[in-house]
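Below, each chain spelled out in residue letters.
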Amino acid sequence: MPMEKAVRTAVRQALSDPGLGGAVALTVDEKVAAKARAFPDEDTRRRWTAEARRARLYALQHLPDLIEQFCQVAESHGVKVHVAPTARVARETILAIIRQHGVRLVAKAKSMTSEEIRLNPFLAEAGVEVVETDLRERIAQLAGEPPSHIISPVIHKTREAIAQTIRERTGWTVATDTASLAAAMRSQLRGVFGAAELGITGANFLVAESGSAVLVSNEGNARMVSTLPRLHVVLAGLEKIVASWGDLVAVLRVLAPHATGQILTAYVSAVTRPRQPDELDGPEELHVILLDNGRSRILGSAYEEVLLCIRCGACLNVCPVFRQVSGLGYLSPYSGPIGAVLTPLLEGLPVRGELPFLSSLCGACYEACPVGIRLHEHLLTLRRDAVAAGFGWPGDKRWLRLLRRAWSTPRRYRLTAQALRLLWRTRTAAWLPPLATWRRGRTLPRPALRHQRYAERTTP
Amino acid sequence: MRVALFATCLVDLFAPQIAISLRQLLERLGVTVEVVTSAVCCGQPAFNSGHWPEALPLTTATVEALRPYEAIVVPSASCSVMLSHGARRLGLAPPSVYEATSFLLEVLRLDGPHGHLPGRGLWVESCHRLRWLTVPPSPAPLLRNIEGLLWSSGQHASLCCGFGGTFSVHFPELSLAMADARLVDVTAEQPDFLFGTDVSCLLQLTSRLQHLGHALPGYHLVEILDKAGVGR
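Residue numbers (the numbering used here), protein chains in the order written: chain A, 1 to 460; chain B, 1 to 232.
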């Protein structure tokens, strides 16, 4: 089966956007610098990340029990909990709730899980109007582009490009400074919060002991979406569970520093039950959809550790590949190193077999990860699995087999090296498969004239 | 002390002067060096591309050729990682390999050796050295007393140069864009040369620089120490 070439094309396209690289570099460098300032000192950072990893490991090791506990406690509060084995079931569950209540307008807070299940296009198809209420996510929605970063959806756009999108899609005249752009979007969104009949949010974490969905945000839109509409649907991957409020603190303490360089986000909201008779606000009905969509398959596999991810985006911010192409190069809601590992695991190698190869294996991701996921290792292992499943990089096998044969003994190696020098002199070497690619944009180095000269005795 | 020197295929093919420098340097520091000519390639290109069955015979042959030696010095962090970590992942017992800088710092305990080499160098950190070797030592103690040498890591020292082995063939335009991002430091620092621990990273950057019409030499750290006359 031939490998899809979609990612290669997307990478080229992203590279050809003249504003993209600079826009991404500006934001990620800011995030990395802010992250360093967000911890009192290096020792504290190390201690806190170790505690976060422990809390996440505990959750994974007790996942079935914690899910059961979460469901039980939440249901005892009047929350309707649905377990969705696949993206399709999750989408249909949400549509069923929408149809049952005759909902026409849905307000959404940013949720990567909803991107994972391709919820927006699905609801649009069904004739439901969905408005994203995170400022930057709304800009991406207006532009008709997928979010290009887990935390910063329009990281690939300059302020000028954002202003242009707003002008084109709304007809408003806006200045290009951040405050004007935010004010323009904000005035447009206020009405949506009041008019929407249903709010959809993700959940940063689910606390098993109290059956709560925890949302972190800086704009407060998640709070609006979860309190004003009559109905609230929480969509969360089932691995988002932590056991206790103590463990929640352990993960929250590292999330904001790694995500935005803040000590804590402006809002941390816990949604525990629908509106009670004596309460003034909150939804009448609260649904929580626990999404599996391949996660159980990852649990217990060699890649289990990937489920520790808290979606902070720290690995994206330090990734030299992401810096050049943004999330648009990955053709996946989860981008950067975590996306290159997670997406093929969730969606299957036949669909995104190229992704594990979209990395120079520099390991900056592992170094940045607050829960210590060995992303560089997993990329390597996933490449092995991709090759074994028939989704290796096209053409690789031929010349790597050639190399294996040619260099199997020192004698053969010496002959190959001689041949290479000869080919070089006649300029034929430049046509050999890897070298032909390499010389585009580079001046190839000349091979050495004599083999293993350093092995000869220099001093008596 | 006796050590074995495994030059690696890239050094042998494209930069044998690194192996010469390493050998001269070690010998001046009182180490008896035996060059291993029976080892060829660590198998990393195939291993990193997911073709483990193609890598295994090459890695096995090299590991077996190196096994008899008590200590093997390798002028490449990348190949050192392959021969330790990579070998383990392929189910082989790794030989006793030392990346050259680690060997100088941790085994020979070289600290502030004196030498003389005028010039400005840009240190090109190798990702394999920095992130795949456990706790890599800073090269600073080796360079502290080299008279006339000015060096810096630049603003983007943590950014990969974009080589990544077969990665640079899979995503050629991206690999070049990454090189250019790293080379911003060359514009800022105006060095006379680049230096590091991996000929692969150095070739990626110098061959790009030459193409852009701004040719600069790239040296291995051991060449710098050798040229500076360390141990003389």
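Since the hints were made in silico from the structure, they are not lab data. Warning: the hint list may mix true and false statements.
Partner residues aside, some chain B positions facing chain A, computed with beta carbon under 10 Å [stated by the list, open to error]:
#1 Ala7
#2 Cys41
#3 Leu56
#4 Ala65
#5 Glu70
#6 Arg89
#7 Ala93
#8 Cys127
#9 His128
#10 Trp132
#11 Thr134
#12 Pro137
#13 Ser168
#14 Thr206
#15 Leu212
#16 Gly229
In this text, a Cβ means the ideal position worked out from N, Cα and C, and glycines have one as well.
Out of the numbered hints, which ones does the structure contradict?
-> Numbers 5, 7, 11, 12, 16, in rising order.
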